[in-house]
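Participant: Spelled out, the chains give:
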Amino acid sequence: METRNIETDILVIGGGTAGPIAAIKAKAKAPNLRVLLLDKANVKRCGAITEGMDSVNNAIIPGCATPEQYVREITIANDGIVNQHTIMAYATRSYGMIRELDEWGVRFEKDETGDYAVKKVHHLGSYVLPMPEGYNVKKVIFRQIKRLGVEISNRLTATRLLTAKDGRIAGAIALDSRSGDIVVIRARAVVLCTGAAGRLGLPASGYLFGTYENPTNAGDGYSMAYHAGAELSGLECFQINPLIKDYNGPACAYVTGPFGGYTVNARGERFIKSDYWSGQMMFEFWRELESGNGPVFLKLDHLAGETVQRIENVLHITERPSRGLFHQGRGTNYRKDLVEMYISEIGLCGGHSASGVWVDEHARTTVPGLYAAGDLCNVAHNYMLGAMVFGQIAGEDAVDYLEGLSLPDHDAEQVERERARILAPLQRQNGLQASKIEYKLRRLVNDYLQPPKVTRKMEIGLRRFAEIREDLQHVKAGNPHELMRAMEVFAILDCAELAALASLYRTESRWGLYHYRTDFPERDDARWNCFVEARKTSEGKPAFFTRPVPDYIVSIGDAEMNAYHELRCEAART
Amino acid sequence: MSLTRNDPDFAVSILVDHDKCIASKGCRTCIDVCPTDALKLDENGKVVMSYDECWYCLPCQQDCPTKAIRVEMPYLVR
Numbered sequence: 000m001e002t003r004n005i006e007t008d009i010l011v012i013g014g015g016t017a018g019p020i021a022a023i024k025a026k027a028k029a030p031n032l033r034v035l036l037l038d039k040a041n042v043k044r045c046g047a048i049t050e051g052m053d054s055v056n057n058a059i060i061p062g063c064a065t066p067e068q069y070v071r072e073i074t075i076a077n078d079g080i081v082n083q084h085t086i087m088a089y090a091t092r093s094y095g096m097i098r099e100l101d102e103w104g105v106r107f108e109k110d111e112t113g114d115y116a117v118k119k120v121h122h123l124g125s126y127v128l129p130m131p132e133g134y135n136v137k138k139v140i141f142r143q144i145k146r147l148g149v150e151i152s153n154r155l156t157a158t159r160l161l162t163a164k165d166g167r168i169a170g171a172i173a174l175d176s177r178s179g180d181i182v183v184i185r186a187r188a189v190v191l192c193t194g195a196a197g198r199l200g201l202p203a204s205g206y207l208f209g210t211y212e213n214p215t216n217a218g219d220g221y222s223m224a225y226h227a228g229a230e231l232s233g234l235e236c237f238q239i240n241p242l243i244k245d246y247n248g249p250a251c252a253y254v255t256g257p258f259g260g261y262t263v264n265a266r267g268e269r270f271i272k273s274d275y276w277s278g279q280m281m282f283e284f285w286r287e288l289e290s291g292n293g294p295v296f297l298k299l300d301h302l303a304g305e306t307v308q309r310i311e312n313v314l315h316i317t318e319r320p321s322r323g324l325f326h327q328g329r330g331t332n333y334r335k336d337l338v339e340m341y342i343s344e345i346g347l348c349g350g351h352s353a354s355g356v357w358v359d360e361h362a363r364t365t366v367p368g369l370y371a372a373g374d375l376c377n378v379a380h381n382y383m384l385g386a387m388v389f390g391q392i393a394g395e396d397a398v399d400y401l402e403g404l405s406l407p408d409h410d411a412e413q414v415e416r417e418r419a420r421i422l423a424p425l426q427r428q429n430g431l432q433a434s435k436i437e438y439k440l441r442r443l444v445n446d447y448l449q450p451p452k453v454t455r456k457m458e459i460g461l462r463r464f465a466e467i468r469e470d471l472q473h474v475k476a477g478n479p480h481e482l483m484r485a486m487e488v489f490a491i492l493d494c495a496e497l498a499a500l501a502s503l504y505r506t507e508s509r510w511g512l513y514h515y516r517t518d519f520p521e522r523d524d525a526r527w528n529c530f531v532e533a534r535k536t537s538e539g540k541p542a543f544f545t546r547p548v549p550d551y552i553v554s555i556g557d558a559e560m561n562a563y564h565e566l567r568c569e570a571a572r573t
Numbered sequence: 000m001s002l003t004r005n006d007p008d009f010a011v012s013i014l015v016d017h018d019k020c021i022a023s024k025g026c027r028t029c030i031d032v033c034p035t036d037a038l039k040l041d042e043n044g045k046v047v048m049s050y051d052e053c054w055y056c057l058p059c060q061q062d063c064p065t066k067a068i069r070v071e072m073p074y075l076v077r
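Sequence order for the protein chains is Y and B.
Under numbering that gives the first Met the number 0, the first residue of the first sequence is numbered 0, with each subsequent residue one higher.
Under numbering that gives the first Met the number 0, the first residue of the second sequence is numbered 0, with each subsequent residue one higher.
Hints are supplied without guarantee of correctness; some may be wrong.
Stated by the list, open to error - Lysine to aspartate or glutamate pairs mimicking EDC-like chemistry, simulated, CA-CA at most 20 Å apart:
1) Y/K43 <-> B/D31
2) Y/K475 <-> B/D6
3) Y/K138 <-> B/D31
4) Y/K145 <-> Y/E395
5) Y/K28 <-> Y/E395
6) Y/K145 <-> B/D62
7) Y/K164 <-> Y/E6
8) Y/K435 <-> B/E71
9) Y/K244 <-> B/E71
10) Y/K435 <-> Y/E469
11) Y/K43 <-> B/D62
12) B/K39 <-> B/E71
13) B/K39 <-> B/D8
14) B/K39 <-> Y/D175
15) Y/K138 <-> Y/E99
16) Y/K138 <-> B/D8
17) B/K45 <-> B/D16
18) Y/K145 <-> B/D6
19) B/K39 <-> Y/D180
20) B/K19 <-> B/D41
21) Y/K335 <-> Y/D300
Quick caveat, the hints were computed from the structure, so don't treat them as lab data.
Only chain Y is shown next, with the shape it has when bound in the complex (with noise of 0.2 Å):
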């Protein structure tokens, strides 16, 4: 177990979809620059478009829609708590990054004509482009990071970023999971891209890995970007899917909306008109469970056998093919049997919600040289079109950035004391294992952040994590991938603690379920109509503050504002 030291330019933390994007565009742009592209897994296949994508979900296709629509849509769709600067960012290069991609062989669906097949999914206008064939995303891209000669590093679990004297990035450290060395990696930029926090609460089934999101999206990169002093956002707009019960992958009505499948309660009545995720959306679902219409079900027994036939050929075989196997374990026919949906246990994403490191429109955060990207920042509703679209943003930004800037030193100290702690759950004689902590963890996020959050429990969740926070000083690790896991623990109850104290820090209700707390049941936006920032201070605790939301370059009509609060049907039919 020795620790290695590496030197790089642009150090791109996380290989999954913004990660890739970010290093293509870094080296198309200087050639000449170094770029390291780490991952905890093998760059090949991981993250959460393993198995490719089934969707674009906001995908701004010119005569479909326009970047001003897409803008004041997601404005809408997030209560008007956006920086439409990086939402615009994002529209604006929508459409070339979708050119980009189709001529690099990623397959989109297209209609008699040629043209791009775009469906209407959200409430207002239309964005989601299918890709039925969407299943080689992660292949097309190798191809291109092996073109473009970015270096790669596999099955390394970045722990800590690394900071100079004068708070600017300078690099990372590592923990290779397989060989328990330590890797001390210097770079002029580092652009963050690790993903949601998929690891956070505790799904129904109780197996650790049965995850929404990749399981290995632990969190890391938001506990590594608030020790390095990044400010994160909006950690209380949770992420909470409407998924398939146990499976815990999406019901996918994006996919089979268009071909007239719709969510219904146990009475085959619709209860929302649209599908389209949002807090609102997964509001009115938990209502329909507490008034005991539940449970939520996808419908698709009305379509015809040639559309189910269809849709198995999307959902069975793009994004989580696996699902065809637990329906057939379970019996399941989109035929003649509803498909069992439930409300997920929480995360925190960027990409499907709101929560994640605070970004400018450049993907830049608040400390110099660091990016990041994907559903790990904050640009709302991002998804994977989004997060390649900022990985571009940040790699040809940081390319800019680094122009003249020497390899910044950091402190050996900082080494000295994170290599002591990685190590030390192999130097214990025995201890706790990661895994049941990990277990305890979770399962007290679900009884105590699980919305509706109410304060007194938010308040005794804490407590139980301080005490888990104790517990870590125990944990025990049998080898360097137990190792991993154990690091993992420290990231995810540091998105835990981050997690509460931004909830109780809103005192007023928002998104929908996303942020609805019992003690506050009203949205007040004199008060509110404001980012909640976080930040590590000098003593090593978080504080907590809030960031004026930028004046919007789109403006919102009031009556508008309220569009996603509309969701509901009127009296049911069928």
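Position chain B relative to chain Y; hints supplied.
Facilitator: This is chain B only, laid out in the frame that chain Y set:
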């Protein structure tokens, strides 16, 4: 001994046909593509599921050049 480290006496959810597995010839495809690093080589150079940490994502099954792997849903999920 981790809760998720597999005990060879108990059923695992990723099944490898050792007659078809060519890891002993140097193939590392499934081991490479597993996001959770749940697959390892046993003493005979064949692939086994060593951690109960499966995301049931299927690249191992799909990318295996000899179709030696079959993924079942983990017991707690199915």
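Participant: Would you mind marking each hint as holding or not holding in the structure?
Facilitator: Hint check:
1. Distance restraint check for Y/K43 and B/D31: the Cα-Cα separation of roughly 8 Å lies within the 20 Å cut-off, and the hinted pair is therefore satisfied.
2. Distance check on the hinted pair: Y/K475 and B/D6 sit about 19 Å apart at the alpha-carbon level, within 20 Å; holds.
3. Proximity of Y/K138 to B/D31 is assessed by CA-CA distance (about 14 Å); at most 20 Å being required, the pair is judged to hold.
4. As the CA atoms of Y/K145 and Y/E395 are separated by approximately 18 Å, the hinted pair is consistent with the 20 Å bound.
5. A C-alpha spacing of about 7 Å is found between Y/K28 and Y/E395, which places the hinted pair at or below 20 Å, so the restraint holds.
6. Among the hinted pairs, Y/K145 with B/D62 is consistent with the structure: their alpha-carbon atoms are about 19 Å apart, no more than 20 Å.
7. Pair hint Y/K164 plus Y/E6 holds up; C-alpha atoms about 18 Å apart against a cutoff of 20 Å.
8. For the hint linking Y/K435 to B/E71, the alpha-carbon distance of about 24 Å lies beyond 20 Å, and the restraint is violated.
9. Between Y/K244 and B/E71 the alpha-carbon distance is near 17 Å, which keeps this suggested pair within the 20 Å criterion.
10. For the hint pairing Y/K435 with Y/E469, the CA-to-CA distance comes to about 14 Å; that is within 20 Å, so the pair holds.
11. Of the supplied pair hints, the one linking Y/K43 and B/D62 holds, its CA atoms being roughly 11 Å apart against a limit of 20 Å.
12. Proposed proximity of B/K39 and B/E71 is supported: the alpha carbons are some 17 Å apart, at most 20 Å.
13. For a cut-off of 20 Å, the pair hint linking B/K39 to B/D8 stands: about 16 Å separates their Cα positions.
14. Simply put, B/K39 and Y/D175 have alpha-carbon atoms about 16 Å apart, close enough for the 20 Å limit, and the pair holds.
15. About 15 Å separates the Cα atoms of Y/K138 and Y/E99, which keeps this hinted pair within 20 Å; it holds.
16. With a C-alpha separation of about 37 Å, the suggested pair Y/K138 and B/D8 falls outside the 20 Å cut-off, and the hint is violated.
17. Our distance criterion of 20 Å between C-alpha atoms is met by B/K45 and B/D16, whose separation comes to about 9 Å.
18. A C-alpha spacing of about 39 Å is found between Y/K145 and B/D6, which places the hinted pair above 20 Å, so the restraint is violated.
19. Only pairs whose Cα atoms come within 20 Å are accepted, and B/K39 paired with Y/D180 is accepted, the gap being roughly 19 Å.
20. Taking the CA atoms of B/K19 and B/D41, the gap is about 15 Å. The hint holds against a cut of 20 Å.
21. The hinted pair formed by Y/K335 and Y/D300 meets the criterion: a straight-line CA distance of about 5 Å does not exceed 20 Å.
The earlier numbered hints that this structure contradicts are 8, 16, 18.
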